[in-house]
Structure formats: structure tokens, C-alpha cells
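Make the full structure from the sequences, and use the hints.
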Amino acid sequence: MITISEKLNECLKSVRKKTGFVPKVALILGSGLGDYADGINIECEIDYHDIKGFPVSTVPGHAGKFIFGYVGEVPVVCMKGRIHYYEGYDISDVVLPVRLMKLLGAEILFLTNASGGVNNTFKAGDLMLITDHISCFAPNPLIGKNIDELGVRFPDMTQVYNKDLQAIIRNVAKNNSITLKEGIYTQLTGPSFESPAEIRMLRTLGTDAVGMSTVVEAITANHMNMKVCGISCICNLAAGMTETPLSHEEVQQAANDAAPKFKKIVTESILLFK
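All you need for my numbering is the position in the sequence shown, starting with 1, plus 1.
Just so you know, these hints were derived from the structure itself, not from any lab.
Just so you know, these numbers come straight off a predicted model, no measurement behind them.
A couple of the hints might just be wrong.
[What the hints assert, rightly or not] EDC-like mimics (lysine to aspartate or glutamate), calculated; alpha carbons at most 20 angstroms apart, straight line:
#: 1; residue 1: K25; residue 2: E44
#: 2; residue 1: K53; residue 2: D94
#: 3; residue 1: K8; residue 2: D51
#: 4; residue 1: K19; residue 2: E46
So, in C-alpha cells, the structure goes:
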């Protein structure tokens with residue numbers, strides 16, 4: 002059976018046969034930011050299907066390809082369509098793209114996602130700076146034999162989300178008169194939305210927003226000593242907070258509506274990342 006390291010190296014070789022591009026920032030585009038890559042100076046596109054052994058995104062609205070290019074003069078790799086645990090992939094495959102982007106040269110991981118608001122003060126369309134996270138039920142991506150060349154066996158998680166990057170994002174939002182909430186993001190497995198009882202549990206734990214991705218990616222990036230930051234788009238209020246049943250279409254529409262201010266923060270922040 003092929004090991005995680007062997008699979009990762011095969012993916013790296015496959016990408017390097019197509020491009021020698023070296024990114025500084027890795028950007029994972031969540032719902033509502035799928036067309037963000039259309040606005041950058043694109044050098045190369047690689048479909049996930051064309052990378053040997055790479056997992057393929059199956060979620061509607063997720064294109065499933067890497068975009069290499071420039072935001073201003075900053076070299077970036079955009080993951081247009083992430084891999085989710087609920088798609089049936091092993092957790093090592095879910096985080097393989099993060100590891101691959103690091104090996105390609107990325108020093109910073111900018112995470113974005115669509116989420117449900119758990120904090121009673123949030124409303125659909127809000128943007129939330131992720132300051133910390135909680136993982137519920139999703140397996141830790143570092144379980145198994147440690148890959149020593151990627152990181153240490155027991156990585157510290159005291160400050161996963163880089164304070165300097167957070168400060169940049171806050172200032173960009175302020176300078177553009179964009180309201181930016183802050184809070185703790187929790188990842189559950191999905192694909193079902195949470196029950197009202199689960200939302201009450203999450204609120205008790207201190208959760209401000211909940212979704213089905215991001216935390217395992219952040220853990221993996223931190224393990225590899227990447228600088229991590231993240232913004233979550235609150236696309237609906239979570240189960241039990243309104244009378245409206247939850248749907249993927251609602252989430253997608255709210256994300257699309259919030260996209261202009263989301264894109265502005267992402268672009269101007271990347272230009273300031275050191």
C-alpha cells in the first residue's frame with residue numbers, strides 16, 4: 002500500500018512536470034469565492050484530475066483545480082474547490098492539498114469558508130475573522146506515523162492563527178469600512194447540517210461559527226510551520242435559530258452576495274502579507 006509520503010511525492014512530481022511556479026501564499030477558496038481566481042494574473046491552471054493520486058472535489062460549485070498566478074506581485078496558488086471529509090475521503094487525502102502547497106513553496110495558508118452562525122449577534126452575510134478553532138468528530142489529520150520531514154510529532158496549537166496576519170486583515174477591513182466579526186470556528190464532519198441540540202452544545206463550548214471544513218487544514222498547516230489565517234462567511238444562522246430549514250442553495254446564495262467585500266479583504270490582505 003502506498004504511504005502518505007509516497008502519495009504526496011507523486012503529486013508533487015506530477016505538478017512539477019506542469020509548472021515550476023513557486024507560490025508564497027496558498028489560498029483555499031470556499032463557497033462564494035470560487036470565481037476569485039478569475040481576477041488574478043494567472044500563470045497556470047492544473048485540474049485535480051491531472052495530478053496523479055490527487056483527491057477530486059465532488060461538491061457542486063467547487064471547480065476542482067489549482068490556479069497559479071499573482072495577486073499584485075505576490076505569487077499565490079489558489080485551491081478552487083477543497084476536499085471535504087464527508088465526501089468519503091480518508092482524512093490524509095483531505096489535507097493532502099495543504100501539504101502539497103507547502104512543498105510547492107507556500108509559506109502562508111489563507112483559509113476561507115462558508116459557515117453557519119452560532120453566535121446570536123451574527124447575521125447572514127457577516128464575515129468573521131477566525132481567531133481559534135474547535136474540532137468535533139473529524140479525525141485529527143496527524144493520527145498515524147508522523148512524517149518527520151513535515152513537522153514534529155506533537156505540534157503546539159496555542160496560536161494556530163497568526164496574530165500578525167490577523168492584524169493585517171483587521172486593518173484592511175477597517176480601512177474599507179467592512180464590518181468584521183471575530184470568533185471561534187468549529188468543524189463538524191457533515192454532510193448533514195447540525196441539529197438544534199448540537200448548535201446549543203456548540204454555543205456552550207464557545208463556538209461562534211460552524212462548518213464542515215477548515216480546522217483539519219489549519220492543523221496540518223500549523224504542523225508544517227506555515228503561517229495560518231482564515232475568514233469565514235456567515236451564510237445562515239444555524240439550526241434552531243430561525244424557522245427556516247437549512248439548504249446548500251441558501252448557503253451558496255448568501256456566500257455569493259457577500260463575495261465582493263470578501264474578495265476585497267482577501268486581495269488587500271494578501272498584498273500586505275510579509
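Going down the list of hints, with the structure as the test:
A threshold of 20 angstroms between alpha carbons decides the hint, and for K25 with E44 the separation of about 14 angstroms falls inside it, so the pair holds. Distance restraint check for K53 and D94: the Cα-Cα separation of roughly 13 angstroms lies within the 20 angstroms cut-off, and the hinted pair is therefore satisfied. The suggested pairing of K8 with D51 holds, with an alpha-carbon distance near 14 angstroms, which does not exceed 20 angstroms. Using a Cα cut-off of 20 angstroms, the hinted pair K19 and E46 holds, with the two alpha carbons roughly 9 angstroms apart.
Checked against the numbered hints listed earlier, the structure breaks none of them; every hint is satisfied.
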